[in-house]
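For the record, the sequence lines run as chains G and P.
Read in order, the letters of the first sequence correspond to residues 690 to 1096 in our numbering.
Read in order, the letters of the second sequence correspond to residues 690 to 1096 in our numbering.
Check each hint, because a few of them may be wrong.
Remember, identical chains collapse to one label, so a pair may be satisfied in a single copy or spanning two.
Keeping only pairs whose Cα atoms sit at most 16 angstroms apart, straight-line, the calculated EDC-like set for lysine to aspartate or glutamate is [claimed, not checked]: (1) Lys994 <-> Glu1023; (2) Lys861 <-> Glu705; (3) Lys836 <-> Glu1023; (4) Lys717 <-> Asp697; (5) Lys717 <-> Asp753; (6) Lys1070 <-> Asp1089; (7) Lys836 <-> Asp803.
What the hints contain is simulated information worked out from the structure, not anything from laboratory work.
2 protein chains.
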Amino acid sequence: MLTPHRQDTNSLYLTERLNALGVAVAFKTIVGDNLQHLSDAARIALHRADIVIFSGGLGPTEDDLTREAVAAALCIGLSRSPEILTAMYKRFAERRVSMPENNAKQADVLDGADVLQNNNGSAPGQWLDTVVDGHRKIVILLPGPPKELMPLFTEACEPRLAASLPERHFAKRWLRIALMPESKVDAIAAPIYQTYTDVESTILSSAAEIQLHFLCAKPTLAEAQQRVDELTSKVEDALDEAVFSSQGEPLEEIILLRLQMRGLTLATAESITGGMVASRLTGVAGHSDTYIGGAVTYSAHLKKKFAGVSDEILKQHGTVSDQAARALAEGIREQTGASIGLAVTGVAGPGPLLDTDSIEKPCGLVFVAVSDGVSTESLQKTFTGDRDRIRTFAAQQALDLLRQKLI
Amino acid sequence: MLTPHRQDTNSLYLTERLNALGVAVAFKTIVGDNLQHLSDAARIALHRADIVIFSGGLGPTEDDLTREAVAAALCIGLSRSPEILTAMYKRFAERRVSMPENNAKQADVLDGADVLQNNNGSAPGQWLDTVVDGHRKIVILLPGPPKELMPLFTEACEPRLAASLPERHFAKRWLRIALMPESKVDAIAAPIYQTYTDVESTILSSAAEIQLHFLCAKPTLAEAQQRVDELTSKVEDALDEAVFSSQGEPLEEIILLRLQMRGLTLATAESITGGMVASRLTGVAGHSDTYIGGAVTYSAHLKKKFAGVSDEILKQHGTVSDQAARALAEGIREQTGASIGLAVTGVAGPGPLLDTDSIEKPCGLVFVAVSDGVSTESLQKTFTGDRDRIRTFAAQQALDLLRQKLI
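So that you can see chain G by itself, here it is in the shape it has in the complex (with noise of 0.2 angstroms):
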C-alpha cells in the first residue's frame, strides 16, 4: 500500500459500509512492516477514535506483525489459542502436507479478543471490546485480501457494530446527469440540497456525467426515505430533462429500457467512437432483440459501404460534417432495417482533419444523427481534452441524443 501501483480499495470499502452504519470515518493511516512503526500507529490510533479497524499483517510471515503491534499497543499479551491451531493442522493434514513452523503465529490472539471466523482464507480476523483511559474502545483485525475482509467485515463484524451504536435507518437516492458541468449542476442543486442539512449531499463527477449522492439517517427507515424523495424530487424538476436516472442505471439502459417498452430496434453506425457506443449497448445484458448491431463506418469506404452514404455527400462536405452524420444514421437505419438509427462522427485528434480535399475540420468536432425514418435530428458539439475524452464525450452526447428523442 505504500508504492505507488495499489490503489487503496479496502479502507473504501469500509468507509461505505461504516458510513451506511452512521459511523463516520475520522482517519486513515498506512504503515509499512515495521513493529515500531505498526505499534505507534496502533497506539496513535487508539487515542483517537472510538472504533479502529485493522487491515493486514495476519499472514504467517515475519512481515505480518499486526497482532504483535496492537498487543503491545494496548499493553496486553497474545495467547496462542488451541482450537485455532489444531483447525490449521487438520487443514494442511488433509491436503497431506505438513504445516510449516511459522504458521502457528496465525493462531496467536489478544487477550479478551473474540475470534472471527475467515472461511476465505487462512487468517481468522478478531474483534476486541476494551477499555483505554476511561473510554470504550472496539478494536477489530481484518485479513488484508480484499476477498477475505470484505465478506468477514460484512458478516462478522457489521451485525455486531450495529448492535454496539444507536438505531438509525438510511435512505439513499442519486441522480445521473449527462454532459452538464459539475458547476452549472451544482449551481442548480445547491441552493436547494443546502436547505436539507440533515441529508448528506454529495456531487461525483466522472466521464462526461455528474451524480448526485443524497443519503439521510432517521430513527425510522421511512422518515429517512421521506427526507431523500423529497429532496431528490425537488432537484430533479430543477433540472429537469438534464436527468437521466434517478435510480442509478447508465444511460445505455434507460434507452434500451424505452425502446423495449415501445418495441423498437436500435442500430448504431459510429466513426469517431469506433464501436464505444456499440459496446457500451451490448454491455448490458438482455437487450439483443432492441440492438441489433450496426457498424464501425471508421474508413470512407466502409460509410458507402454498410450504410450507404453517397459519394456526393462524402465529396461535398466531407466525412465530419452534418450531411455526414445525417447520412450515417439514416442510412444504417436502412441497410439494417432497424427502426432507428444512430450515428456519430468527428475528429479525434491529436490534430485536424484534412477532410474532402480542402477543408480542414478541427479536433474535438464532432457531429451525431438520429433517425427514425420519418425525421432525424442531428446535433454539432466541440469538445477539448485529448483523443479519450473526446471519444467519451463523443459517445456519451450521441446516447444522450437518443435519449432526448425518446422523452
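Based on these hints, arrange chain P on the given structure of chain G.
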C-alpha cells in the same frame, strides 16, 4: 478523502515520483478538516520521517487549516506575505471583482519557508528546510487539486529534493503479457528476477493482462540501464511469445504497427464483444489507413447482412460456434475488402444461450477467428466471471490471436 468515493490519486503520484528519486514512502495519513487532528498528525509525521509532504487545506475557507496546523506542530509562527497579498489583490482587480476578506489567509507563510508559486491556482505552495529534535526535516505544503499539486511538485520540488539527496540514476523497463495467469507468469519470471537483488521487480495484474516492471537505481545511468536490460531480456526469452510488448505499448498498437509495416488492412466482425475490439483499435491515433472498420454483428440478421454468414451455418452450428466465427472472419474480410478479417462470437451471460433450436451453449464460451484470404485460424476458449470480464477476455483473445498470426 475520508469518503468512500474518492480515490487517493495524489499520494500514488507523489509515491511514484519520490520512489524515482530513491525516496521510500514510509507513512501516509489522511485526516479531516480539524485543527487539533491536523496538528497531531503533523507532529507525528514530523517525528516519523525526514521529508513530510502535506497536500490540501491551503484554500481560503475556514476548513483550510494546513498552514495553521503545521505552524502549531513546529511551534513556529505564520506571517502574512505582503508580496502574495499584493499579487492576489492585483489578480482580483484584473477580473474587476473585489477580493473576499477570507482570501487573505492564503498569503500566510510559515516562518522561514520559501513560497512555491502556483501557476494553476490561487493557493501557493511552501517549502521549509528546518531542524526538529536535532534532525534535518524538509516540510512541503502543496495545494490539493491534482492539476495544481502535480506540476508544482514536479517543477518546484523535485529539483530541490534531488539536490538534497545523493546522486542516483534510474532505469526502467516493463513487459506486457496477454491472457496468462499471474501465478504462471510469476513461476517463470520469479526465479530469474530474484537473482537480480539490485533491481526492483513488480508484477501487476489487470484485465486479461499481466505486467512486469523492473526498476534499477545506480550511480550512473549506464550501469542501471545495463542491469535492467539484461534482466528484461532474460525474462522475455523465458516467457517467449507470451510477451507482446517490451516497451509498454498496448496490444492493439502492437498489432496496428505490425499490420502497417506489412501494408495490410484489417476489418472486424464482433458479436459478444459488441464493438470492444473496434474501440480499442480506433483508440490508437494515426492508423485509420490500417484499421478500416467493420461490423457489430449482434443479431443473426446482421451476421448474414454485413459478414455474409450463410443461413446453413447458423442453423446447423448456431451463432456461437467455430464455424460461425470462421465464416464471420472470412465474410467481413470479403465484404469490406480488407486484407485480414478478425471475428469473435460467444456467450457473455448471465446464463447460457439457447443457440439454434436445440443446443444450449454455456456462459463464457467464446470462439475467435482470423482470416487472411489464404487460411483461417480459430480458437475456442471458456472464460469465467461476470459479463464484463468475459467480454474483456474475449476481446483480448481476439486481438492476441491476430498478434500470434502476425509473428
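Here is what the structure says about each hint:
1. Lys994 <-> Glu1023: For lysine 994 and glutamate 1023, both the intra-copy (12 angstroms) and inter-copy (12 angstroms) Cα distances are at most 16 angstroms.
2. Lys861 <-> Glu705: within (12 angstroms within a copy, 37 angstroms between copies)
3. Lys836 <-> Glu1023: For lysine 836 and glutamate 1023, neither the intra-copy (49 angstroms) nor the inter-copy (47 angstroms) Cα distance is at most 16 angstroms.
4. Lys717 <-> Asp697: Both. Shortest intra-copy (11 angstroms) and inter-copy (11 angstroms) distances satisfy the 16 angstroms Cα cut-off.
5. Lys717 <-> Asp753: Answer is neither: 19 angstroms inside a copy and 19 angstroms across each miss the 16 angstroms cutoff.
6. Lys1070 <-> Asp1089: Within one copy only: 13 angstroms inside, 36 angstroms across.
7. Lys836 <-> Asp803: Answer is neither: 21 angstroms inside a copy and 46 angstroms across each miss the 16 angstroms cutoff.
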